[in-house]
Amino acid sequence: MKSEKKQAEKIKEISGVNPLKCMKCGKCSATCPSFAEMDIKPHQFVSYVQNEEIEELTKSVSLWKCLSCFACVERCPRDVKPGKIIDAVRQLVEREKDGDYLSPNEIPELLDPEIPQQLLVSAFRRYRR
Amino acid sequence: MQRIGVFVCHCGSNIAATVDVKKVVEMAMCEPGVVHAEDYPYMCSEAGQAKIQAAIKEKNLGGVVVCSCSPRMHENTFRKAAEKAGLNPYMVEIANIREHCSWIHKNMEEATEKAVILMKAAVAKVNLNTPLQAGESRVTKRALVIGGGIAGIQTALDIAEAGYPVDIVEKTPSIGGRMSQLDKTFPTLDCSACILTPKMVEANAHPNINIYTYSEVEKVSGFVGDFTVDIRKKARSVDMSKCTGCGVCQEKCPNKKTPNEFNRGLNNRSAIYTPFAQAIPNVPVIDREHCTKFLTGKCGICAKVCQAGAVDYEQQDEIITEKYGAIVVATGFNMINLDKYDEYAYSQSKDVITSLELERIMNAAGPTKGHLERLSDGKAPKEMVFIQCVGSRCADKRGKSYCSKICCMYTAKHAMLIRDKYPDVNVTVFYIDVRTPGKNFDEFYRRAVEEYGVNYIKGQVGKVIPQPDGKLLVQGSDLLSNKQILKEADMVVLAAAIEPEPGVRNIATMLTASIDTNDFLTEAHAKLRPVESPTAGIFLSGVCQGPKDIPETVSQAGAAAVKAIGLLAKDKLTTNPCTAKADELMCNGCSQCANVCPYGAISYETKLINDHGVREDRRVAVVNSALCQGCGACTVTCPSGAMDLQGFSNRQILAEVDAICR
Amino acid sequence: MSINNNSEFKPKIVAFCCNWCSYAGADLAGSSRLTYPADVKIIRVPCSCRVNPMFILRAFEKGADGVILCGCHPGDCHYTSGNFYARRRMTLLFSMLDYIGVENGRTRVEWVSAAEGVKFSATMNSFVEKIYSLGKNVRLEDLRCKN
Amino acid sequence: MKKIAKEALPMLYKKIAEAKELIIPVKVCGQTNYKVWTEDAEVDLDTLKTVKSAKDAFFPQSETLYTVKKEDKKLHIEPEALKNQEFVVFGMKACDVQGVAVLDKVFLVDPVDSFYAARREHGIIVSMACHEPEETCFCKAFGLDAAAPAGDVVTWMVGDELYWNPVTKKGEDLTAMVAELLTDADEKAVEAEKESIKKIVEKLPYSNLSLEGWNGSVLDEKFNSPIWETLFKPCLACGTCTFVCPTCQCYDIKDYDTGHGVQRYRCWDSCMYSDFTMMAHGNNRNSQMQRFRQRFMHKLVYFPANNDGMYSCVGCGRCVEKCPSSLNIVKVIKAFEKKEEK
Amino acid sequence: MQELITRAKELLADGTVARVLGWKAGDLEYNPQPAFFTNEKELEEFVYNGFCGANLSKYMIEASKLEGKTLICLKPCDSYSFQQLMKEHRIDREKAYIIGVGCKGKLDIDRIKANGLKGVTGVTGAELTDDCEELCVTTLYGDKKIPYADGMLERCSVCKGKEHMICDEQIGESKDTKTGERFAKVAAVEEMSSAEKFAFFQKELSKCIRCNACRNVCPACSCRKCVFDSTKFDSAQKANVDSFEEKMFHIIRAFHVAGRCTDCGECSRVCPQGIPLHLFNRKFIKDINELYGEYQAGADIEAKAPLTSYVFEDVEPSVVAERSKS
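Protein sequence lines correspond, in order, to chains A, B, C, D and E.
Residue 46 in this note's numbering sits at position 46 of the first sequence, with consecutive numbering throughout.
Residue 170 in this note's numbering sits at position 41 of the second sequence, with consecutive numbering throughout.
Residue 927 in this note's numbering sits at position 136 of the third sequence, with consecutive numbering throughout.
Residue 998 in this note's numbering sits at position 60 of the fourth sequence, with consecutive numbering throughout.
Residue 1587 in this note's numbering sits at position 307 of the fifth sequence, with consecutive numbering throughout.
Incorrect hints may appear among the rest.
To be verified - Some chain C residues close to chain D (C-beta under 8 Å, calculated; not the full set): (1) K801; (2) G854; (3) Y923; (4) K927.
As the list claims (entries may be wrong) - The list that follows gives simulated cross-link-like pairs (lysine-lysine, DSSO-like), each with its CA atoms no further than 30 Å apart: (5) D:K1171 <-> E:K1465; (6) D:K1136 <-> E:K1289; (7) A:K21 <-> B:K587; (8) C:K937 <-> B:K209; (9) B:K612 <-> A:K21; (10) B:K592 <-> A:K21; (11) A:K24 <-> B:K534; (12) C:K921 <-> A:K6; (13) D:K965 <-> E:K1512; (14) D:K1141 <-> E:K1512; (15) E:K1321 <-> B:K736; (16) D:K958 <-> C:K937; (17) D:K973 <-> E:K1483; (18) E:K1398 <-> D:K1078; (19) D:K1171 <-> E:K1483; (20) E:K1289 <-> D:K1276; (21) B:K736 <-> E:K1349; (22) E:K1349 <-> B:K710; (23) C:K801 <-> D:K940; (24) E:K1367 <-> B:K736; (25) D:K1141 <-> D:K1108; (26) B:K235 <-> B:K151; (27) D:K1171 <-> B:K736; (28) B:K600 <-> A:K21; (29) B:K616 <-> A:K21; (30) A:K24 <-> B:K710; (31) C:K937 <-> A:K5; (32) E:K1393 <-> D:K1160; (33) D:K973 <-> E:K1321; (34) B:K235 <-> C:K927; (35) D:K1012 <-> B:K151; (36) D:K1272 <-> E:K1393; (37) B:K616 <-> A:K65; (38) D:K1276 <-> E:K1321; (39) E:K1512 <-> D:K1007; (40) A:K24 <-> B:K736.
Read the hints as simulated data drawn from the structure, not as lab findings.
Just so we're clear, the structure is a prediction, and the values are computed from it rather than from any experiment.
C-beta atoms are modelled at their ideal positions from N, C-alpha and C, and glycine is treated no differently.
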């Protein structure tokens, strides 16, 4: 539990998001193109972080289904940015596997079939912004 | 040096639990000038005030310091109490040891130390207080209401009924406001026009009410009880006294291509027009920006067909200057601009409309004569989707942070009316929360669901995608079943957030009334003075103060009227004696102070001055204490310190600074 | 004077608050029980434009470690324009203080409305923190006031 | 007669400062004033005239008299301690030394000013002859010899040597204290220096300034002269002349609230200020003409009238150099001279 | 100079003016003083040369109270002060007949002496008719020639221009003397660290003797009763005591004249301790120019002063920390 609390803090730090701002309108899930393939839906991600249930998030299928299209980030009326939270959880998982901080220039060399595609897509999107 | 009494309030345990009040009393007795100090559980109580009064008399006190709650709370209470005991009320100072001390600190030692310092600062200040006399100013027994919607009309009627003349200034060609655009009203489903029109007629006919339509407030000067207002009566191009309201000019006008504002631009109107059939006054206006005569010089048909000879192309704007004792702001609201909400396809599809547009569509006098139809192809919709909270409760810059309050109810109303009139139309409402506090409100909403079969889905819509076949694909969440819903709709109605009428910022500036970050006018106290502006003599009616529905607006309008009547009923007002004053011996007459005075309260006179035996004519500043509001801008501009603010003098503030830094 | 005094720095902080917005904001912070350090002592003035640079210098002369001025947000002044004048005056004064080598964190202007109790408390907390990091005002205090 | 090499002076300063406070001309930001010597001070004996005179050493611009402290409602008065340590003022010129003599006339007669008296008692004056007198100097008019100033020790800077001649007991004691740094010398070099100084003094533009007609007995005549009416016009009413003057002795007494007590201090005042001698009823000189007249009447008439003909001007010429409007006592004396010629 | 005297005599004779406000020769070459002249005889002592640095505009306050017009001689820089005083209703334009006098830079005897000169008995080359390139200085200890610019007041090397802002007629030629950038020293101080700035000003201001010469000469400090002389403000101070002067007095004085100071440089000229007081005023002028737009006090009688006007978009005071280099 304690470590999950720490992880939740880490997620907030990485994403720069305050999940308490969420008013649970569901617009993120309404807007998500990968909704059907997700086990934990985007709006639920926010609640999971709020409730510090990180374990389940790290194991979720959704984590690698999110396209990082950031439609939810654009549309969220409360500036909660669920996409960033998902991205943060992904980073968390990856870091625990010792795949620390990546810079876009390093990626081609480091390209390793073990690294999930989504992470790369997400990283590219993130750095493009 | 004054003989000072210090009174320390426990405020029950509010203060005493954190501040050692006995210690404050003990320390007070050590301060120079303090001849009396005591504490009491509730200083503001009758018994507490009696203690202050007794001490003033027995100890012959010249100054009083009350260590208690914020002066914004009880300064007046204690001043009045002191006055009753024969002390000038301005010899009382408050040390705020509750809001600024006991409530924010937890450590008793720390809080007590701070309370003692605050007490010392107040004692240091009161030592330099001088008795001040409140002046008097006359009250002009006439009120101005800015805005002629239901709020303005109701306020004006109430004031007029009390026997005071009222002027209404309305920007558009007719009074009536937003309510005149509505079809039915919740929760009773009354016809809006049916209940509004009699009020409009009554206002128009009332001997005490004078209506300036197509007019705007241009300049406001003066102060409570004595405002002088310039009203710009825009050129109507039609002589109000001659026009019979026959309407021929509008029929014959060849230019019928102007978007009809009243119908939210859903259809067009003529260049000479009355906004709607029941308009008051029933006198048309020529829209000079669209009139062929004004654009090209050729036409003049309306003048030719007008049998009364009322059309006057030469008419000019007119400035009317009038004096008022009170001003009520009732400027109302508008819907926010939805251009930034691409995801709902508002600007892409004609069939995505706002609720107010739906009102016009449903209205018999509207663009579709009351038939529910798609604006794109005129077909009757089968599937309708309502989206709530569009732009309300938003943390981003596109929308508003607040709840617009009326949308839940009017959406239920619309859904119910559609289901009632067109039972074959399916209605779906996407909501985040359904907010229905209000008499018979929740029952109304439940009826929509239970009796009319409106489909309420908890979840927001992510996007609306116009399809090639003209349908609208709505993609939304159903949070309760944790599903993403794709729904084809014929029409989508957006419950757009409401915002204060954009002109209110300008009006607030003229009135020196404060507005909040959302441009709603600020009330003097959120709970205790909700219909007054902090600026004396300015009252708030309707949505200009915050979102509200019709019944709430009408009750606030009445409340604002009562406050205005209360002011107008007085013959004289006592003025704030904490005004600026120039020391003639020190004044340079340099005019810098007049340059910064927001009230034009400073003028210059050439006077014969006797400066310690040197007699000479000097140009010196003179403050009109009736105009001065006591901001103190002049005092800092004055390099010699000749200008000082009574009640907040340089020496008093410096004494507080010294006491705090001791 | 106790020996304690040297080891423990207790700053003196003067906050000038305009009556209509910031003082009310401070009241709201109080009624919302939003804490901030007791080092802050508030002086009520009718408007931020009432604050003479002399008051601020006097506070420093007498040993204040920080001075903060709070007023209505620009455009919301109860007296319409007072805070605009205050803004220019304080900008120039602070610039001058910076110029003569007074640490510029010792002075601050914040606009706090009557509704911003949270902001008031947050502002005071951050200001006090800054003053603690700067330590005692040794550059402006009059030598006679030192002890 | 003793002497010390110029380059050894820092050692001398250090030696003196080990035992006593040493007050000496020090240059700060281009201006030379008497200051307490410290190791890093830039001593400047070349500048003839310090901006302020050495008056501060005996009569500081401001000094605390006593402090009142409050405990509960009781007040405690803590008097300021009198000077009780010896100190040395080094480098005073003839005019400045004479300035102290003028101050003595004011502060050492009944009632004796104990603060001043204590400083005089403990102060040791090491004076210095004026190596290169300047065009603004007119001490000769007051009978002073720039080449042979008074003092406890008199010194001459000749070439690279400072000649040192103790003349009083205090001077002897000081000399004994620093004896190891001094060597014996004959007076030849000093005599030559004196001659050379005298020659320059003769050439100074103001040396022949005549004080005829200025004495204690011409009060009414000078006071009522119409000359004052035009003379004062450019005066800005600042206190520059007063504060650089070695003889001005007027002071004001004020209170300062330190937050933990009230200090009562006295500070120099200037008769040029509009609030000088301000009383409850107002001011007894309420025009700048009157204040201007007061200053010069005091120096040239009132003071000699009360002090056996001693003027309270020593001809140092500081006011001549520093007046923002180029007004000064010389111009005043000359203005009367001219008028009387006509 | 002769042209000036002739014209003054004419104006006195035809009754246009009742008196002349100019400079009178001193008893040393370098110390002429401001003076009023009421007849031809007195005008024989009239002088106008490189040593007439004094700004006469402030004397016009008193002269405005007198019967008849006063002929006042204004150098280009003085005309700013004159106009600023007019703007503040301190002097009466109708009471003045202004002759704008030419200027080739004004001299500072202290700066001349700083060239290693002692016992100065004569200076030539400073007449308005001279080309003002070189000064011949005679002293008790030998003569020396120095470049004119080496004896000039600091303010002349950053001259605002030789154009008169206001005058009825002009006499005498001017010469451009600007060689430096007006705000260079201010900018240099701004570059210092906080501690260096403090040390710099502390050292300079520790010399202050509170003689009030800077205040009394200042045309913007025209208050009938200065706050520092007033008991009403609890600010009356005479003493030169630790840390008070250098902070409160000079900052407040600079603040009180901010937006009104024309940068005439008189404060620095008269300071007996040579404190560069203009550095305070110029700091405010520089800030005003940078933050609120170029403003020159005294240049335009209609312009709104920077401290008595505002715009909604004005910078916040936090800009100070952002701009600060320390």
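Q.
Run through the hints listed earlier and report the numbers of any the structure violates, in increasing order.
A. 1, 3, 4, 5, 6, 8, 13, 14, 15, 19, 22, 23, 25, 28, 30, 31, 32, 33 and 40
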